[in-house]
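Novice: The primary structure of each chain is shown beneath.
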Amino acid sequence: MATVDKTVTEPATEAVTYERIGDVGVITLQEGRLNLFTNDSFLRLEEILHEIPTSGIRALVLRSGAEHFSAGVNVEIFKDVSADEARAMFSRLLPNLTKLEDLPFPTISSVHGVCAAAGLELSLGCDLIWAGESAMFVQIEAMIGAATFLGGAQRLAERAGSARAKEIVFTADLYDAATFERWNIVNKVVPDAELWDQTLAFATRLAAGPTRAHAVTKRLVHSYLEDGILTADREILDVATRLFETEDMQSNVRTLLEHGAKGQRERAQFEGR
Amino acid sequence: MSLVEVERHGDVAHVVLSDPPLNRFSMDLARDLSTAVAEVSSSDARAVLLRAEGEHFSAGADVNMFIGLSEEEARGGLDEFMEMVHQLERLEIPTLAAVQGACVAAGLEVALGCDLIWAADESQMGQLEAMIGATPFAGGSQRLVARAGAGRAKEMVMTGGLYPAEKMLEWGVVQRVVPTAALREKAERFAARLAAGPTRAHAVTKQVMRAHLEGGLEQADAILPALGATVMITEDLQNGVKTFLEQGPGKAEFNGR
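These protein sequence lines map, in sequence, to chains A and B.
Taking this note's numbering, the leading residue of the first sequence gets 1155, the next gets one more, and so forth.
Taking this note's numbering, the leading residue of the second sequence gets 3, the next gets one more, and so forth.
Hints are computed from structural coordinates only; laboratory data are not their basis.
Treat the hints loosely; a few may be bogus.
To be verified - Each computed SDA-like pair below joins lysine to any residue, with the alpha-carbon atoms no more than 20 Å apart:
id, chain 1, residue 1, chain 2, residue 2
1, B, Lys169, A, Gly1315
2, A, Lys1342, B, Ala150
3, A, Lys1416, B, Met67
4, A, Lys1320, B, Glu220
5, A, Lys1233, A, Ala1301
6, B, Lys253, B, Leu239
7, A, Lys1416, B, Lys253
8, B, Lys208, A, Thr1385
9, A, Lys1416, B, Pro22
10, A, Lys1342, B, Trp173
11, A, Lys1416, B, Asn66
12, B, Lys244, B, Phe256
13, B, Lys208, B, Leu71
14, B, Lys208, B, Ala231
15, A, Lys1416, B, Pro166
16, B, Lys169, A, Ala1314
17, A, Lys1342, B, Lys169
18, A, Lys1342, B, Leu171
19, A, Lys1253, A, Arg1421
20, A, Lys1416, B, Leu24
21, A, Lys1416, B, Ser44
22, A, Lys1342, B, Leu239
With the sequences and hints as input, model every part of the structure.
Specialist: Have a look at this one:
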C-alpha cells in the first residue's frame, strides 16, 4: 500500500470531491466513467470523512458524477496480493466504512447506473439509499472468487434478511432498483431524471430536522445490530434522555402543546442543538 | 378507575386501553397497563389481545410531561416506560395487538412490544418523535429494525412519517390488515385460536426468538436444546404426536400443559 503524503498537490480533477449545499454535505465520486475505486480515491474519501463530522453539516449525500455510481474497486489493487498484505489493506479501508456509518447525522446514497461491489458496500454504509429507476445493483465479488471485503454480506442481511443476502452474494447477479426496493435494501426509487433533485430535497429536509435526535436514533439502531435489543434498550436511558435537555426538543414540545398536534409537522423548527 | 381494563374471554385475556378517543400515554396509563400485564401474567390466560377503546389505538405520549424535564428526571420516567414494554414482551403467552385509527409514537412502541400486530385497513402508523426533536423513547427504533430491517427503520424514524397499514404490512411491521369494521371480531377469533394452541411450545418459541434478538443466533441456539427438551415432555406434544400418527395433521387438541 502506498504511504500517504498529504503534501502532494491534488490532481486537477479529483476522484472524489466534496461540497456543501446549505446544511447538506455532498460527496461526489468521479473517477472516469465507471468510478473504479483506486487507492487514491479511498485516501481522498478518508480525508473527507475525517473532516465532515464536526463541519456543521446536518445531512450527507453520497453520489456519483460519472455515468455509473461505481463499478467497485479497480481489481488492479488485488493482483498478487498476499493474505497478509490484504489484511493490511482492508484494515486501512474498513475504518472508512465505520466512519461513514458513525457520522452523527443522516446519510443518503443517491444511486444511478451500475452500483457494484465496493460501490454497493459504500451505499450500504449510508443510512438510506435512493435509486434512479434504471439503477442496477450487484455484489459481484463471487465472479472473481472473492468475498464482500467491505462488509456487504452482513449489511445486506441487516436490511433484507440472511437468505436474500446470501442469494445476492452467491449469484453475483444484477438486480434492478425495484427488486432492491421490495427487499428493503433501497428506500425509494424515483424517475432517473429526478433522482438528484429529489435526493437533495429529501436530504435538505432531513438536515432541517432534529439532528441530535437523529444521531441518537442512529446509535440505537447500531447498538441493536451490534449488541442486541436489551443493550439498545439500556442506551435509551444513557443516551436518549440527553435529548430532553436539547433546545430542539424543549422548544418543539412547547410549540406542540401551544398549537396542538395538527400542523406540528409544518410548525416544527430545529437548529440541530 | 383504571385506564386499562382486563377482560377475560375464554382463554384469552383482553387488555384494553380505555382512555378514548386518543388513548394518550400518560404515566398513569403506562402504570395501569403495567398493572394489567402483571395481572395477566399471573393468570392462566393462554393468549393476550391488546386493543383500544375508541377511534384511535393511541396518539402516543402526553408530551405535557416532557416540558422542562432535566436529563435526570427524564431517565426515571423512561426507565419505567421501558420496563412496561419489557414486561409485555416477557409474557410467556402469545400477544396480539389490534390497532385502529392512529397508532403512533409510544402507541406504536407498545404495539411493537406484542408478538403480532393486526391493523385496520384505515389505520396509520408512525414514529412521529422527530416532529418534536425526539427519538422513540420506548424502544421503537430497535424493534422496527428487528421487523423491517435497518434501512426501513431509519427511514421511518428519521422522516417521522405516517404510514398506511398496507405499507406496514409490506415492510413486515404488521402481520395482517383487515377491514376496520371487522378488526375486533377477526382479532378476537385469531387470539382464541392462538390460545387453543400448544401454549408451552409457544412460550419456548418466544424465548428462543427473544434470545436471537438479544444475543444473535449463538445465544438462541445455546438455549434451545434445554428448552426444547421441556417441550418434548409436555402433554400437548406427546398427545399431538400420537394424534398426528393416528389421525393425520390438524386434528390434535391442546390444553396448554
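Novice: Sort out which numbered hints this structure fails and list those numbers smallest first.
Specialist: 7, 13, 19, 21 and 22
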